[in-house]
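Starting from the known structure of chain A, fit chain B onto it as the hints suggest.
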Amino acid sequence: MRIALFADVHANFEALTACLAHAERRGAERHVFLGDHVGYGADPERVLDTMMALVDRGAIAVLGNHDAAVGGELGRQMNADAQTVIEWTRARLGHAQREFLTRLPLVVEEDGRLYAHANAWAPGGWEYVSGTSEADRSLRATGCRQTFFGHVHQPMLYHRTDAGGTLDFQPVPGVPIPLAATRRWLSLPGSVGQPRDGNPAACYALLDDARGLLTYHRVPYDAEETARKVREAGLPEALALRLEMGI
Amino acid sequence: MTDLFAGFRPGTVIDGFRLEEQVHRGSMSILWRVSGSDSGAPLIMKIPSLAEGDDPAAIVGFEVEQMILPALSGVHVPRFVASGDFSVQPYLVMERIAGDSLRARISDAPLPVGEIASIGAGIAAALHDIHGQHVIHLDLKPSNVMFRESGDAVLIDYGLSRHDGLPDLLAEEFRLPLGTGPYISPEQVLQIRNEPRSDQFALGVLLYFLATGERPFGNPASVPGLRRRLYRDPLPPRALNPQCPAWLQEIILRCLEVDPG
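As they're listed, the protein sequences go chains A and B. Start counting the first sequence at 145; every next residue gets the next number (this note's numbering). Start counting the second sequence at 1103; every next residue gets the next number (this note's numbering).
With the rest of the complex left out, here is chain A (with noise of 0.2 angstroms):
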């Protein structure tokens, strides 16, 4: 089976649109949303009917914390640009999308993998996995062998052996990278709806089961046209800008 991972979409429709067709090119069977579907972007309502639909059909799609501010979660200190959006974004979503967003589970596991938005100790509580150190934390608080998050926006890869310690590793896009099974693998695909590492280009990774391979994607996509409704919705200046660099 072929399991495309998607992270903090953040109402990017042009950006999504443009993973899934690139997965379902590369014969994706089964998607997965990381979590923070909504908040930054222009486009909730699209977002959301798009992954649901998915969902409907199986897909997995678990919480973020954009998406537990917009359903109502309260007392989680943000900056001002994202709060901003998430009371922009509560205002436009009907019902059913509301209530989408706040049933979603903190995590699943399925077949010896489990997926989150930000870590495995504490998944409710927002940390970053931002480096070795609480990558190895993460990975010690979960018996599966494959670990997916978001939330950190910039793809990476972490593994460690059960007797060594954790590395790190840079994807490079397009290489399949075969997860031997005797070690425990964390990744982060990156983010589809608002990269920050200097490209525009929107991340997703596709998991080929079968044969143990995970590739990193990076999708272009029509970033000026987002950062163009972002500014036509209102929202701050600072996040159409940060959509057309990539920061």
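Treat the hints as calculated values from the structure; they're not laboratory data. None of these values were measured; they are calculated from a predicted model. Beta carbons are placed, not taken as given, at the ideal position from N, Cα and C, and that holds for glycine. A few of these clues could be false.
To give an idea of the interface, some chain A residues facing chain B are shown, with a C-beta separation under 8 angstroms as derived from the structure [stated by the list, open to error]:
1) ASN223
2) LEU301
3) GLY308
4) VAL316
5) THR326
Frame of chain A, contents of chain B only:
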């Protein structure tokens, strides 16, 4: 100590490959000639030793070869056929290259200059090819070089290799530099594993040996002994074998230059 390979006998079938004859037995793995599901071409199966207390680097090395060999293609590499998972029975099946490795020739060193030049050019072409496929061999030595009937050099054993698009499973903190004492490059001694010129250095050591019958830096067993090559120049090959032409000496010393600039 129990014999870990005792379960393997001629006739044993593993995933459709039938063991025919054990052709090599090393400390880290055994090689069997196998027949099986392929096109009838000669194949070998490499099975790692997984004894308790074995050097963990040996097991990781097998994983590395399982990762890198399928990523390589072309005339300078044994063709990858299949691999078996560690959860059941780890193995690698690949094309069998006929004949002996270059190791069979080293007792005859110094070799005739024309033969050294042809061996050196053949290995250089093979290295250029795998470097173009994003792989550094990192354990080039006579026992890892074979030749096809066409004369093309084939590089075998990718257990210490590095692919620049794949995670380096050997980046864990092993205590010792990874390589083979006489051939290990200065940067490998410093545990740097992303320099293609490491293979050029090893080629220089190999050619030096073929030209003189001596190793340029001996065969040190200790890390301080290995580090000496960072600071000491080898004796020029012509000081050991006056028959070695100046142009060949120049090529060899250029390969062995620590910082060629």
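Hints and how they fare:
1. ASN223: violated (33 angstroms)
2. LEU301: holds (7 angstroms)
3. GLY308: For GLY308/A, the interface hint holds, since the closest Cβ of chain B sits about 5 angstroms away, which is under 8 angstroms.
4. VAL316: Holds, because the Cβ-Cβ distance from VAL316/A to chain B comes to roughly 4 angstroms (cut-off 8 angstroms).
5. THR326: holds (5 angstroms)
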